[in-house]
Amino acid sequence: MRTSVSRRRRGVVAVALGLSALTAAQAAPPGTAWAEPGRDPAPWQRYNLSPSSRTLHPVSVFRSSGTVADPGAVLKGGTTSLTGAGSSVTLDFGKEVSGLTTLRFAGSDGPQKVGVAFSESSTYVDTTSDASTGGPRSRDGALSVDVDGATSYTTPAELLRGGFRYLTIFLSSGGRVDLDKVSLHYTPAPTMKDPSKYANYFYSSDDLLNRVWYAGAYTVQLNTISPKTGRVWEPPAALWNSTGDIGVGDTILVDGAKRDRTVWPGDLGIEIPSAYAAFNDTESARNALTTVYQHQRDTGELPYAGPELNKYGSDTYHLWTLAASWDYYRYTGDAGWVSGVWDRYRKGVDFITRKMDDKGLVSITGTSDSVRILAKGENLIANVLMWRVLDTGSQLAKAQGDDTLAASYAERAAALRTAINANFWDEAAGAYKFYPNSTIHPQADNSLAVWYGLADRRQARRISESLKGNWNEITSTAPENKGNPGVFSGSMEVNAHFAAGGQAADQAGVDIIRRQWGYMLNHPEGTGSTFWESFRNPGDGCVFCSSYVSLAHAWATGPTPALTFSVLGLNPTGTGGRSFDFVPHPADLTFAQGRITTPAGAVEASWKVAGGTYTAHLKAPGTTVGRVGVPTFGARIEVRVDGRLVWDGTRARTAADLKLGVHTDGEYVYVEGLRGSHRLRSDRA
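The sequence shown runs 3 to 687 under the numbering used here.
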């Protein structure tokens, strides 16, 4: 049912999050688009979780046990004393952190042994660390520190802990130690001088969505590491080892902070857009992709996982590398990099093309995938990814000056789309099938078909409705994964709803962010700052069910680019910063504001809805060309640019000197050809 503008603008709907319900006042605090005199000039900064200094300190005591004198003293420069074997204090950094820990002891009553253990979740706080190595041990053990009088200890490089919130310090021997300082050297985002200075930002009328955007950004930052600090594989016999050489350059994107600290190409499909939307970080993406291409086999097969795991045998992850190459190029226009990998790219396309059958579909034989082993055969997600590769590969080929190959890729993409629709589309269900003869309508595969534009508008909106049928009270779920919560696939779904467009789909995108990402962000067993690799449905008896689950996993950050590219509506559309869209998807928000950074410079925009009037501001480099979409909210509207009428509710009224193209599809009035800074306004005609 179409919702009226007035009803949609009454305020942000409070959504039950399983743990607690946000009130409407919490979800939509007072705010205004663009800073005004007397107001906080950058109110979004209060949501930024990244530290401005690389030296961090714990902020509270989670718990203590045994004989501990003044557990909180160490937090404020005093002395906390532990006496007797097993006595412990667990310090809380207040959020997920990563790096090298330093402990300072004021003294002891002779030589003593102190243990140090790490945990992301309060569930697994103990005198042994949660699991990260992938070895046979269920937990990672604890560091051992020798204390004899005044002693200082800093974690050696190989024992860097990639992700934790809770630090447990305990006495292994039977005497006493006096602890007077604990700190951490923060190691993520190694090329950022100030980790808190983001290139971009997002701010809206919804407090929870603001928190989600910044938690997603922070999650990606924790997954941006020095390539010399990856996970060593095979697992060490004891403790862990974070000196794995996992790629090229000085900074690289990996899948998880605690683990695996390895380049996984599937994760890049979410990570690269997230890192761009928050930080304009394309260097880490380039290094991750270059690393994967450098490990291509002679057959053309690309890795399932990069060094040090060096896994192969996944046709879908092979395709993810090729698809993610377009994302990098779209954000950068880096033709030199494309030229450098072009022979490998084409070899990769040829490798997977050899698996196409007489129906014109990819029939996979490399069955490893994200959360399951796929069956061999004509799998939907492989075919959607193949279509994406051919469709965007045509543009890459053209940029390389190979018009013949560009035409071939485009022709093959069109044929594959026809074959997918003929073999996978289920008209009765309004969604694509997992395999041509399957009764499952998968979350990830259908979401990608919409997000990437394979599905037409009618199909996309039917898929959006179908996906909502998989929601439970806390999360979206993946039918292809036994109905478990969809986290990686959920990131795809969020972007799919906005790509489908229309008021119902836009609202679905906002609602599932509030429900699922609000659940992760607010859950007392989470980190309160980052998004998870996976979790379990209500009734399963546990949230994570394993301490090996990563709680800062970048494949879960899909809302961050979705909020920038869709809700705010700023989206780079050309390569090299030449063009962009400013097409908001307001749903039930009343304003949004933010920025993207292109090779041509920063593009900043805001929109606001009040009293039936829509206003927007745009500030962009004069060398870029913008297409602006003004939402109609289902009504006839007049549109003005800088006070001049360009749409009278029925037709364009563009003055010749403006040189703008103005048209409508009923849902937006589009103004094309805008350069520089502009004000836009619409009212009911």
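Quick caveat, the hints were computed from the structure, so don't treat them as lab data. Worth double-checking, as some hints may not be accurate.
Pairwise CB distance ranges, derived in the manner of DEER restraints [stated by the list, open to error]:
{"hint": "1", "residue 1": "Gly541", "residue 2": "Gly455", "range": "54 to 64 Å"}
{"hint": "2", "residue 1": "Gly543", "residue 2": "Gly455", "range": "19 to 29 Å"}
{"hint": "3", "residue 1": "Gly663", "residue 2": "Glu413", "range": "22 to 32 Å"}
{"hint": "4", "residue 1": "Asp644", "residue 2": "Gly74", "range": "24 to 34 Å"}
{"hint": "5", "residue 1": "Ser54", "residue 2": "Cys547", "range": "31 to 41 Å"}
{"hint": "6", "residue 1": "Thr575", "residue 2": "Lys357", "range": "29 to 39 Å"}
{"hint": "7", "residue 1": "Asn474", "residue 2": "Arg683", "range": "33 to 43 Å"}
{"hint": "8", "residue 1": "Lys313", "residue 2": "Arg653", "range": "26 to 36 Å"}
{"hint": "9", "residue 1": "Ser185", "residue 2": "Gly109", "range": "16 to 26 Å"}
{"hint": "10", "residue 1": "Gly543", "residue 2": "Gly614", "range": "22 to 32 Å"}
{"hint": "11", "residue 1": "Lys313", "residue 2": "Asn474", "range": "24 to 34 Å"}
{"hint": "12", "residue 1": "Arg683", "residue 2": "Gly74", "range": "22 to 32 Å"}
{"hint": "13", "residue 1": "Glu413", "residue 2": "Thr441", "range": "54 to 64 Å"}
C-beta atoms are modelled at their ideal positions from N, C-alpha and C, and glycine is treated no differently.
*Return the numbers of the hints above that this structure violates; sort them in rising order.*
1, 2, 4, 8, 10, 12, 13
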